[in-house]
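Those protein sequences? They're chains A and B, same order as listed.
161 is the number that the numbering used here gives to position 161 of the first sequence; each next residue is one higher, with no gaps.
118 is the number that the numbering used here gives to position 118 of the second sequence; each next residue is one higher, with no gaps.
Just so you know, not all the hints are guaranteed correct.
Said to hold, decoys possible - Which chain B residues face chain A? A few, computed with CB under 8 angstroms, are given here:
(1) Gly197
(2) Phe198
(3) Thr223
Think of the hints as simulated: they come from the structure by calculation, not from any bench.
In this text, a Cβ means the ideal position worked out from N, Cα and C, and glycines have one as well.
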Amino acid sequence: MSSSQSSSRKPSGLFRNLSAKIASVPMVLTALVVFVGGTAWTVLYSFTSSKLLPKLNFVGLDQYERLWGTRRWLISIENLAVYGFFSMIFTLVIGFTLAALLDRKIRGENVFRTIFLYPFALSFVVTGLAWQWILNPDLGVQNVVRSLGWESFTFNPLNDPDIVIYGILIAGLWQGTGLIMVIMLAGLRGIDEDIWKAARVDGIGTVKTYLRVIIPMMRPVFVTALVLIASGIIKIYDLVVAQTNGGPGIASEVPAKYVINYMFRAQNLGQGFAASTMMLVSVIIILIPWAYLEFGGKKRG
Amino acid sequence: MADAITPRGPKPRRRFSRANVMLYGTLIVIAAYYALPLYVMIVTSLKGMPEIRIGNIFAPPVEVTYQPWVKAWSEACTGINCEGLSRGFWNSVQILIPSVILSIAIASVNGYALANWKFKGSEVFFTILIVGAFIPYQVMLYPLVIILRELGLYGSIWGLVLVHTVFGMPILTLLFRNYFTSVPEELFKAARVDGAGFWGIYFRIMLPMSLPIFVVAIILQVTGIWNDFLFGVIYTKPADYPMTVQLNNIVNSVQGVKEYNVNMAATLLTGLVPLIIYFASGKLFVRGIAAGAVKG
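Here chain B stands alone, though its shape is the one from the complex (with noise of 0.2 angstroms):
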C-alpha cells in the first residue's frame, strides 16, 4: 500500500488504487467546502424572495432572476438612505486608485534607497518600520486622526489615502527591498560608474527591470485597500463610505424586511473586485501573500 502512494521521484503511473481514491475524493470534498459559500450566495442573488422562503438554500434558482442584482446596485437602503451600493463602489474606487499610486510609489523609493544606497540609520528605521507592522491598529487609531485633523483631512477620502499609505508601507517596503537587493550590483555599480545619480538609476535600471514586483505589489494593495473596513469606517464621512463599509450597513439595517436574495447580490459585488484579480493573476496573488509572509 505504501508503494501506490510514493511520494516523490518520477511521476508515478496514475491507477486507481485505493490510496489515489481517498486522496482525491478527501481533495474534492474539502473543495466542495470551500466552494460551497460563493455558490450559496450565487444562487440566493438569483433567486426571488418567495422561493428563498420556501425553498432549500442549496438549490439551484427555479426561476432566475437579476432583480436583485439591480436592486442591490442603484436601489438598496442603508437607513433611509436608497441609492444602492454603486455610491460606495465609486467612493471605493476614488479611494483605491490614490492610495495604490501613492503607496507602491514611496515604498519602491524606499525600498530602493534601503536596498542601494543605505545610509547611517536606514536599517534601525527599517526595523522600527517591520517592528511597527506588529502593532495592532487600535493603538496607532487615535494618534492618527490627531495627525490627519492637523493637516486637515480628517473625514475626507485623502486622509484615508494617507491612512493607507502609511499602513501599507512595511510590507511595501519589505516587498521591494527585498526586490532590489536581489539585483545584481554589477549593474549598479555600472551606471554609477557612468554618472547616473539616485533618481537615474531608479528610473531607468531599477523601474524598466522590476515590473513583476510592480505587479505583485498592486495585486497586494487592491485587493488589501479594496477589502478594508476598519479604516474607511474610522477615516472617512458617510458620504464617503467605502463599498465594505456601505455593504455591512445595508444587510445589516434593521429596518425593513430582510430581502436575503438582495443581500447576497450585494455581498457578491463588493466582493467581485478582489475576486477577479485573485481568479485572473493566478500564481502572482500567491506570490504576493508569500512575500509577505515568508521573510528573512
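For reference, chain A alone in the conformation it holds in the complex (with noise of 0.2 angstroms):
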C-alpha cells in the first residue's frame, strides 16, 4: 500500500493522504451519487410523466396536482398527521416518565430497562403481527373481555375505518417508547446532583422539580428526542404492511407506502418520485428549525 510517506518529500495537493483518500471513496461515492445524486433525480423526475419507465417527457407540476387530487394520498397525509401527532406526544411523555421512574435508585433497574426496551430489538413486521393477533376482534383481548361478561365490550381498531391508525399507533408506540426512554435516561443520568441537592434545601417537591428544571435542563436531549421520533414516522412503513396492509380498504394507507406501490406495484412512477418527493419536503420542513435551534442558536447564546 502507497502510505502518504512513502510518496515524494513535496507531493502535490493531490497525492497527499492517498490512502485516505482511496479509503473514503464509499462514503464520497456514496453521498454524492446516491444521497445528493439520487435526491436530485428522483426531484428531476417527478416533474415528468414517467410511467413504466423513467423518461424525461416534462410536464410541469402535473404529477403533483394528480397526487393531491387522489383521495388515497389525502388519507395518507391525514394518517400520517394523526399517528405522527399523537406518537410524538405519546412517545415523549412515556418515554420521560419510564426514565424518571428507573432514575429514582430503584432495585432491578436492568431487569426493567431490559423489559421496556426489548420490543425496539424487533422487527417492525414482527411487532405488527403480534399486535394483529392480541387485536384480532374474534379471539383476543375484546373476545376475553367479552368472555369475562362484559358482552357489548367492543375494542376492534384494526376493522374499524375511523380508529384503525390509533390500533397501529398502541403497536408502535410499544416498539418506540423503550429508544426514548433510554435517551432521556441518559439525558437524567447527566444532571448535576447538586441541582437536585438545591431544589430539596428549597423545598421543591420531586415532580415539580421534574417539571420546572429537569425538563427546561434537559432541552437538548427532548430536541434530539423528537427529531429521532419524527424521522422515525415518515418512515413509517413495514409496521402497517404487517399489521393491515393500508386496510380496512385504504384506511389506514401511509405515504411510504403510497410511494412503494405507485413506484414498483403500480408503475406509475411519476407518481412515486412526487409522493416521495413530498415526503422529502416534510422532512426538509422538520429539519430546518432544529438546524436553526441547534446550530443558529449557538451563536447567538
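Combine both chains into one complex, guided by the hints.
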C-alpha cells in the first residue's frame, strides 16, 4: 500500500494523504452519487410523466396536482398527521416518565430497562403481526373481555376505518418508547446531583422539580428525541404493511406505502417520485427549525 | 412524604413506604404491559388450533404442542409455495453476513480516515453523509434500482448487500469517527514517527484498541439488517426474500384457514435472532442505539 510517507518529500496536493482518500471513496460515492445524486434525480423526474420507465417528458406540476387530488394520498397524509401527532406526544411523555421512574434509584433497574426496551430490538413486521393477533376481534382482547361478562365490550380498531390508525399507534408506541426512554435516561444521568440537592433545600417537590427544573435543563435531549421520533414517523411502512396492509380498504394507508405502491406495483413512477419528493419536503420542514435551534442558536448564545 | 422518595444522595434505606409501593407498583404494571405481547406470542405458538378457538388468548396452554413450530419452520405456505420459513432464514443469513462485514469494514476505515487523516473536503463529505441519513429512503429507492441494474446486481443478494452497506454508512461512520477521535493523539503521532502509514496504524494500533466499538457496530448492524423489510422486498427476487418478508407473506396470506399458532411460531422464529442478541448483549445494545442518537 502506498502510505503518504513513502511517496515523494513534496507531494502534490492531490496525492497527499492518498490512502485516506482511497479509503474515503465509498463515503464520497455514497454521499455524492446516492444521497445527493439520487435525491436530485428523483426530484427532477417527479416533474415528468414517467410511467413504467423513467422518461424525461416534462409535465410541470401535473404529478403533484394529481397527487393532491387522489383520495388515497390525502388519507395517507391524514393518517401520518394523526399518527405523528399522537406518537410524538405519547412517546415523549411515556419515554420521559419511564426514564424518570428508573432514575429513582430503584432496585432491578436493569430488569425493568431490559423489558421496556426489548420491543425495539424486534422488526416492525414482528411487532405488527403480534399486535394484529392481540387485537384480533374474535379471539383477542375483545373476546377475552367479552367472555368475562361484559358482552357489549367493543375494541376492534383494526377493522374500523375510523380508528384503525390508533390500532397501529398502539403497536408503534409499544415498540418505540423504549428507545426514547434510554435517551431520556442518559439525559437524566447527566444532570448534576447538586441540582437535586438545591431543589430539596428549597423545599420543591419531586414532580415540580422535574417539570420546572429538570425538563427545561434537558432541552437538547428533548430536541434530539423529537428529531428521532419525527424521522421514524415519516418512514413508517413495514408496521402498516404487516399489521393492516393499509386496510380496511385504504383506511390505514401511509405516504411511504403510497410511494412503494406507485413505484413498484402500479408502475406509475412519476406519481411515486412526486409522492417521495413530498416526503422529502416534509423532512426538510422538520429539519430546518431543528438545525436552526441546534446550530443557529449557539452563535447567539 | 417527600422525604420517603429522596431522589439523590447516598442510597436510602428501602422501606415499604407508600411512595415506594406506588413506584414499584407502577413499574411492575408497565413492565407487564410491555412483556404481554411476547407472552401471548409464546403461549399461542404452543397451543393447538381447537384450544385457540375456544380459549382465552392470555391463558397458558392446557396441552403443549410443538407442532406449530415445526410447521412454521418447514411447511408453512406463501401462496402455493410450502417450504416454511427455513428458506427465509437461510436467505437472511446469506444477506446478513456479507452485509455486516462489508458495511463495518468500509465504515471503520472511513471513520478512521475522518478522525486521523483529514484531507481537504473530508468534513464536507461527512456532513453530506450525516444529513443524507435524514433523507427518506423512498427518495433514493429508484435511483438505486438503476445503479444496481447498471452494475448487474439488481435482484441479487449482492445488490441488497450493497444497499445495506450504503444506508448503514452514515450511522456507522459516525460511530467509528467519534470513537477514533477519542483515541489519544500521542499514540497516533508516536506511530507516525515510527514510520507506520495509514494502513499500518489502522491494523496494528486502531483495530486492536477498538474491539468494543466493533462489537457495538456488529450488534447494531445484525439487528438492523435482520429486521429490514423494505430493502428486502424491493431489491431481491421472491426466491431470495429475507425472513421478515417471507414471514409477512406467510401470515398475511389470504389462502387457506388461518393457523394462528403457526403464525405466532413463525413470528417468534423471525424475532429470535435480534432477541437473542438483545438479551445477550445487554448494555452494549443500549450503547449502540445511544451512539446513534446522542451525537455531538
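| query | With a cut-off of 8 angstroms, does the beta carbon of threonine 223 of chain B approach a beta carbon of chain A closely enough for the hint to hold? | reply | holds (6 angstroms)
| task | Would you check whether phenylalanine 198 of chain B satisfies its interface hint, that is, whether its CB is within less than 8 angstroms of any CB in chain A? | result | holds (3 angstroms)
| request: Return the status of the interface hint for glycine 197 of chain B: holds when the least beta-carbon distance to chain A is below 8 angstroms, violated otherwise. | output: holds (2 angstroms)
Consistency with the previously given hints is maintained throughout, with no hint failing.
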